[in-house]
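J.: Next come the chains, spelled out residue by residue.
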Amino acid sequence: MNTGLTIVLLLLLTLFIWGGIRFLGGRERQTQPRRPRVGLGQAFIYSLMILSVLMLALTGLALSTLVGKPMSGYPLMLHVGFGGLLIVCLVVLLMVWGDRCRLTVTGPGTPIRFRPAMRIPFWWIMALGLVSGVTAVIMMTPLPNMAWMLRLTEIHRVAGILILVPVVWHLIAFWRRDRV
Amino acid sequence: MPFMHGKGIDWARAIAACALLFVLGAGGWCQEVELLKTHSRSPYVHRITLYDAEGVAISPEDQAAKPYSPSATCGKCHPVGAVAGGWHFNELNPEADSGRPGEPWILVDPRTGTQIALSDRHWPGSWRPEDLGITPWEMIHRFGRHQPGGSYGTIAFGGEAAGGGRWPMSGPLEIDCMACHAATQEHDQAVRARMIEEENFKWIPSVALNLGVVRGSAKDLPDDYDPEFAEFAAFDPNMASPPNMEYDADVFDLNERVFFDIVRKPAAERCYFCHTTRPAGPQGDFEAVDLDAAGPERWEHDGDVHLAAGLTCADCHRNGIDHHIVRGFEAETLGGELRTTALSCRECHYGSEIADSPVERMGGRLGAPAADHKGMPLIHFEKLTCTACHSGPMPQMQAGRVQTSLAHGLGLSERGRSADMLPLIAAPVFMPEGGIEGAPLAPHKILWPAYWGWMREGIVEPMHPDEALRAAGQVLKDRPDSHEAWQPLDEATIQLALEAMAGGAEEGAEPVYIANGNVYHLKANELVRSLHPSAVPYAWPLAHDVRPGAQSLGARGCTDCHAPDTPFYFGTVIAEGPTTASMAAAMPMLDFEQVDPTLTTLWGLSFKWRPLLKIVGFVLIGVLSALLLAYLMAGLQRMLSFIGERGE
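Line by line, the protein sequences are chains D and C.
Here the first sequence stands for residues 697 to 876, where the numbers follow the working numbering.
Here the second sequence stands for residues 1117 to 1764, where the numbers follow the working numbering.
Quick caveat, the hints were computed from the structure, so don't treat them as lab data.
Among the hints, erroneous ones may be present.
Now the stretches of chain C that chain D is said to cover, found in silico as 3 or more residues with beta-carbon under 8 Å [as the list claims (entries may be wrong)]:
no., segment
1, 1714-1724
2, 1731-1741
3, 1747-1754
Predicted model only: the values in this text are computed from it and were never measured.
The C-beta atom is built at its ideal place from N, Cα and C for all residues, glycine as well.
Bound conformation, chain D alone:
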């Protein structure tokens, strides 16, 4: 199931990337001479998001998935706490940066966009963050039975692992955002 799910997600992401690259035509580069500024507040939220992902990776990936033991105790509490923080950060970032990360070409009246290297992973992060969040929240309801709990856990785990790729990508792009 893991493999199948991973393949499906990778295919979707590939299409997403392919689509994104395609929409970013050469004309955009010419029409977008400067990059948007990132304020202190936004940087803070972004830092919180990175911290959340780091903590989630540490508690979820390192302590649970790699060690193979079910998550419990303090790691689980940290995981739940930082999971909530991540969703808050994602919502705020989507509100603040959503328009600046649109993959379509810019036109008159559109806000200044980030570089494509930041925009593409941004939407990955949002999509995978949504999958992680939805599965986590559903698992907290009395709806899924044991079999669905298992499936949701697997989806949550795969999404959680996959989100690391765009986060790292985005972080590098964010770090280098002012370079030409």
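Given chain D, work out where chain C should sit, using these hints.
T.: Chain C in isolation, oriented as in the chain D frame:
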């Protein structure tokens, strides 16, 4: 002289018996003879001839007929040697797999304030009877009332040193097949206790099955009595007479055969004679209780949900002819090999990967429903056994008391069986299954050991209660020796007894009293107490009665356990014993569970905010979804426009 029945020697019988004994003695009889089998699900009608221990067929007309021997009678068709290696009979076999700790024999002596777990299985925390100088003879006298025979009852006849006793007069306490396999209550298991008091061991199977009555008592025979000369008692009025078996002729048919109403799978009522657990004291819900108050009435109990559904004990606790009875826990071994038949809770309900049978791998055995456990995080199935939520009394803020057949003689009629009768067993106590660190939490029954002992270089060796009585002089002798009216030991009495014992102590030996999870000893003429490994409670997992899903822990929600004031985590267990109540401390359940108190408290507190967390989580996910959907729609719109522009 078993073949002299007043009419001279019955040579034909004697020769037949000698031939049988020769064959039996040659060994391998049970294994080599191909046994009669019907291979049908319909039970074989057992209209059979009875044989005595010498293999002589029993006639009700014979005034000197011996008691029937189950091994000689049933052994005609069944491999009794193999049966004797089964779970109920192999306690003394050092090769036998002890498995998960189970209910021990509990030596109780109200006068000395003793309650100590005994077992010849290798269960941590229990003492071997011989460590206290307890012989098989004494074991039978104390616990034979709830033993189906064999083991301690026959060891003296198997060439093993049995350490004294009046075995020649009593005869062996053979495995009584009918104790379990009787189809009706015609077989009276309670007869055993009375007959053991009379030392009429070998007559027990006959009398319990109501085949007749036994006249006389082996207890009255002198110590120097020689059973070889029993036949002469009829001629010598001064000679002690052995008990005499008087058969009921109406039980026998015209062919001198007896109908044995036998079932292969015993009814639950047969099992319950030895395996009843009774809540002693109120079993309220989540309330602190008065442990000494009377327990609920029998009619108030629903019993085990499996029995209510029509199953019997033996539907799950099965066995083959080797009588290695499935105890039902996971990773269990049978006869030294891993059990591959799906018979634990999880295996029956959900299937087992290790089962040999493909249908057993699918679960749903005997119609066992695979519960959905909706919304239950999977971590619970790693951290808890099924029994943690489903079995035993509902946990209260203070673990309750239970009484059991083996410990309290349930099944035998008694008037003064009160809630505070010794031994005091607490349940449910949640701790790693079988006491193994890291194992999932399971409900247990626990016994706080209480006994007198000698401490040498920090190691405590328990005393037999009789030795404690002698060593303590008059201090303990004056105490009541009654199960009904026992008096708790107070610190002053313990100090006086220890002082008396110290006077006669050997070099390097210090008298101590273990109780309440502590060791009591003298230091500069003062009574002091401290923790000691010998004082930790003996614990064994409980699995029954199983409550239905609607009455399980968690049925009312997460806060059944995850709140700052739940019995599961924040309950207490009184370290009580045969001492005054003020000496018994309340131990936190968290200590038994070996979990972090801070974490558990934090986790419990967090569930106060969990509903809010869920609401916020849903709102945030909703907002995130809506925003993403809006951007997706905008992107699609832009894409369609782009395609349209290109088309133009």
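J.: Are the hints correct? Go through all of them and say.
T.: Outcome of the hint check:
1. Counting residues of the segment 1714-1724 of chain C whose CB lies closer than 8 Å to any CB of chain D gives 4, which reaches the minimum of 3, so the coverage claim holds.
2. With 8 residues carrying a beta carbon less than 8 Å from a beta carbon of chain D, the segment 1731-1741 of chain C meets the three-residue requirement, and the given coverage holds.
3. Residue count for the segment 1747-1754 of chain C with a Cβ under 8 Å from a Cβ of chain D: 4. That meets the three needed, and the coverage hint holds.
The structure shown violates none of the earlier numbered hints.
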